[in-house]
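S.K.: Going by this note's numbering, the letters in the sequence shown line up with residues 1 to 534, in that order.
Hints in this document: simulated from the structure, not taken from any laboratory.
Please note: incorrect hints may appear among the correct ones.
[What the hints assert, rightly or not] For lysine to any residue, the following SDA-like pairs were computed, each having C-alpha atoms within a straight-line distance of at most 20 Å:
1) Lys109 <-> Gly143
2) Lys373 <-> Ile251
3) Lys109 <-> Ala359
4) Lys330 <-> Ala359
5) Lys356 <-> Gly199
6) Lys340 <-> Thr365
7) Lys340 <-> Ile101
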Amino acid sequence: MTLDGNRSTDGQPTGGSPAEGGRAAARRAAQQPSKGGRGRRAAGNGGGTGSGTGGAAAGGRARSRKAPLTKAAKRRRALKYTAYGVGLTLLVSVGGGYLYIQELNSNIKKGNLNNGGSALAPDSKADAFGRKPLNILMLGSDGRNSSQDCQLGGACEDSAPHADVEMLVHLSADRSNASIMSIPRDTQVNIPDCKDKNGKVLKARHTIITDSLNVNDPGCVVDTWELLTQIHIDHYMMVDFSGVVSMADAIGGVNVCTKENVKDDQITHDPDGTVHEIGSHLVLPAGTRSIKGEQALEWLRTRHAFGDGSDIGRAQAQHLYINSMIREFKSAGTLANPVKLNDLAQAATSALTVDKSLATVSALTSLALELNKVPTNRITTVTMPWQYVPDPRNPKNNLVETSPDSQKLFQMIVNDVPLDKNAPPSANSPAPAAPSQAAPSSPRPPPRPPSRSTSRPSTSRCRTPAESPAVPRRSPMRWSSRASPVPQRTAPRSPTRPPSCSTPPTRRTRPRPWPPRSACRTRPLSSPASRAPR
């Protein structure tokens, strides 16, 4: 056997030499520039290295294993996953909140503010700061629009609805006070032309104000109020029997007080023997009681057990409930409690009928915040002045008419005049005009000298002696530990003459520099005579 290069005479490769494609081929591949990508494993007996990414890859499959993550890389990965989770949670929350708000908005029943399409009263005047008062008409309907209303009302009548409760809530322009004015339901007024839901026009007529809701449109009640009072109404809110119950439950218990036992449950008999149950069925012992739900509705509907049995006594009971409700509403912090606010929003959106500009949750919340600005002791409830007049058709009956004083009350609300006793004197009376010429009077006393805090100049650190505060002289008496004072042993000072600008002051009469030179950056200026050599 002879050797020829790397091969033997029989053509077999020798054991000690690298075969073609073995380690020798791997070395040649390592010396050549790599084209990138995963290198192929060299053929042969040797474990050749392929060309790896960007250079020779040593170790084949060992090079493809991932290195362990560092702490910083793990932290970045955790932060990335946390950000993804928070973003997804926010997206779901915002989407769910938006759908919830839209659901509440869809529950609100709405209509036009004015039935005739335009206001019948001039717009409210703005104050000196551009703020305007806010007027909201609150209505309580006896309509039986649902089975629950029929059950609460005691019957399911097929008659037109009536506005048994009519109140105007007036918020002053600066939100410092509020007035709540009621008009008795039997007041004789002029009702303008109004259209019903089908477009049928009900002609103008002179009748009781509660019939202004016969067309089942609160906009007709707004037109009637504006025609009577000339007060511009910005919004209206109407609630029925079931709405009062749900709102009363959402607000919670409201305290009311009576001096006597209340029982509004009467039975009447017709000549034909028909039995009628009249009244609200309210039974309440004397004293202070907390009412809510159906009992609150019975309180608001009670008429025969209060006063003379007319709507006048019922209006006073309604004012008592509203005042107590406002106090409970503000003291309980309903607007700051998310749970109570959510319950109130759900009840309000399902129970209220409002005008279109108030038919969103955000608008109702803004109105509640405006009401919350008014102090509790600046809220006044009042009933429109009225008078009884004989009924020309039936002399045994009396009609409720507006009195001459009612127009004065309407004008005070138009002019945004406070009605409460806590109003400042300037709010109830116009400001006096400035006199055109000064009137003769006794001479004024001389003005008081300014105090040290107001006489100090603040524009300079250095002051002249004339500007410096006067240094008080030492008291001629000094106090020792004994009870009796001991005179101070000092010689009397001779009066000094003020320094003159013509002659340099002597050492004895030279004024004390103020402030000390250490407090001044530059030496205070003096007259040329004072700078003369001594």
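S.K.: For each hint, tell me whether it holds in the structure or not.
M.R.: Consistency of the hints with the structure:
{"no.": "1", "hint": "Lys109 <-> Gly143", "in the structure": "15 Å, holds"}
{"no.": "2", "hint": "Lys373 <-> Ile251", "in the structure": "19 Å, holds"}
{"no.": "3", "hint": "Lys109 <-> Ala359", "in the structure": "7 Å, holds"}
{"no.": "4", "hint": "Lys330 <-> Ala359", "in the structure": "24 Å, violated"}
{"no.": "5", "hint": "Lys356 <-> Gly199", "in the structure": "19 Å, holds"}
{"no.": "6", "hint": "Lys340 <-> Thr365", "in the structure": "13 Å, holds"}
{"no.": "7", "hint": "Lys340 <-> Ile101", "in the structure": "16 Å, holds"}
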